[in-house]
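S.K.: Sequence:
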Amino acid sequence: MLSGSLPPGTGLPLREFAKLFEVSAIPVRESLQTLIGEGLVEHRPHFGYTVTRLTTAELRELYLVRERLESAALAAAAQRAGDEDHRLAVAAHRRMEQAVLADDPAGYHRETRNFHLALTRPSGMARLVHMLEYAWNITEPVQPMVHISAAERARLQADHHQQLAAFLAGDAEALLVATEQHHDRLNRVVAELPTDIGLFADPDSP
2 MLSGSLPPGT
12 GLPLREFAKL
22 FEVSAIPVRE
32 SLQTLIGEGL
42 VEHRPHFGYT
52 VTRLTTAELR
62 ELYLVRERLE
72 SAALAAAAQR
82 AGDEDHRLAV
92 AAHRRMEQAV
102 LADDPAGYHR
112 ETRNFHLALT
122 RPSGMARLVH
132 MLEYAWNITE
142 PVQPMVHISA
152 AERARLQADH
162 HQQLAAFLAG
172 DAEALLVATE
182 QHHDRLNRVV
192 AELPTDIGLF
202 ADPDSP
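Count along the sequence shown from 1, then add 1; that gives the number in this note's numbering.
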């Protein structure tokens, strides 16, 4: 689900998973219940288990939550980050650049997450970063970066470049400014994701 190989709405047949992992149905059901609690799976009578399909409003709401949590951590992260933190952020940024050049949207989506977490983890706010990852996980099956244009990914990557420069300089104010600009662009991109390819739930469905 987190890799995007099981998109929203994909059925999760309990018996097939039990056979695949060579276990009884009980631990599979327990695992699926855990994923329901994490917002990644939903269960409906007569339909079984499926990967959660968000409404467009729910996706925008989760991106707003991510924005607030990330911004809260970045000021402290910029000031606390050390050489190893800088190395990890630079490496993630380099992999994003390579994905843009290779026109690899799935790779870009994956490395975007790694980059943002590399910027926030040095904050020392472990619980906050955990909440950020939790909110991020729920949005992962949608794979937004896969469904936007190469030009949009390049523009988002330019924002990442500004974020990285401020992070490496330890300039918390510049990092927050660059992050606000990035989130403004990202929110517009998310609002324009296609609604006719099965990514989203009908807001009026039960």
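Hint data in this document are derived by calculation from the structure and do not stem from the laboratory.
Incorrect hints may have been included.
[Stated by the list, open to error] Now the in silico label distances, taken between C-beta atoms and shown as ranges:
| # | residue 1 | residue 2 | range |
| --- | --- | --- | --- |
| 1 | A155 | A19 | 24 to 30 Å |
| 2 | Q99 | G38 | 31 to 37 Å |
| 3 | H44 | E134 | 31 to 37 Å |
| 4 | P28 | A58 | 47 to 53 Å |
| 5 | E31 | A92 | 32 to 38 Å |
| 6 | A92 | Q34 | 35 to 41 Å |
| 7 | T51 | Q163 | 34 to 40 Å |
| 8 | G40 | A151 | 27 to 33 Å |
| 9 | S150 | Q182 | 14 to 20 Å |
| 10 | A151 | P28 | 39 to 45 Å |
| 11 | N188 | Q34 | 30 to 36 Å |
| 12 | Q80 | H162 | 39 to 45 Å |
Ideal Cβ positions, reconstructed from N, Cα and C, are used throughout, including at glycine.
S.K.: The structure should be examined with respect to each hint, and the outcome stated for every one.
M.R.: Hints and how they fare:
1. A155 / A19: 24 to 30 Å: Cβ of A155 to Cβ of A19: about 44 Å, so the range 24 to 30 Å is violated.
2. Q99 / G38: 31 to 37 Å: For G38 against Q99, whose Cβ atoms are near 36 Å apart, the range 31 to 37 Å holds.
3. H44 / E134: 31 to 37 Å: 23 Å, violated
4. P28 / A58: 47 to 53 Å: For A58 against P28, whose Cβ atoms are near 34 Å apart, the range 47 to 53 Å is violated.
5. E31 / A92: 32 to 38 Å: With Cβ atoms ~37 Å apart, the hint holds.
6. A92 / Q34: 35 to 41 Å: This hint holds: roughly 37 Å between Cβ atoms.
7. T51 / Q163: 34 to 40 Å: Taking Cβ atoms as reference, T51 and Q163 lie about 39 Å apart, which means the hint holds.
8. G40 / A151: 27 to 33 Å: 30 Å, holds
9. S150 / Q182: 14 to 20 Å: For S150 and Q182 the Cβ distance comes to about 19 Å; the hint holds.
10. A151 / P28: 39 to 45 Å: At roughly 42 Å between Cβ atoms, P28 and A151 fall inside 39 to 45 Å, so the hint holds.
11. N188 / Q34: 30 to 36 Å: 33 Å, holds
12. Q80 / H162: 39 to 45 Å: 21 Å, violated
In the structure shown, a violation is registered for the earlier hints numbered 1, 3, 4 and 12, in ascending order.
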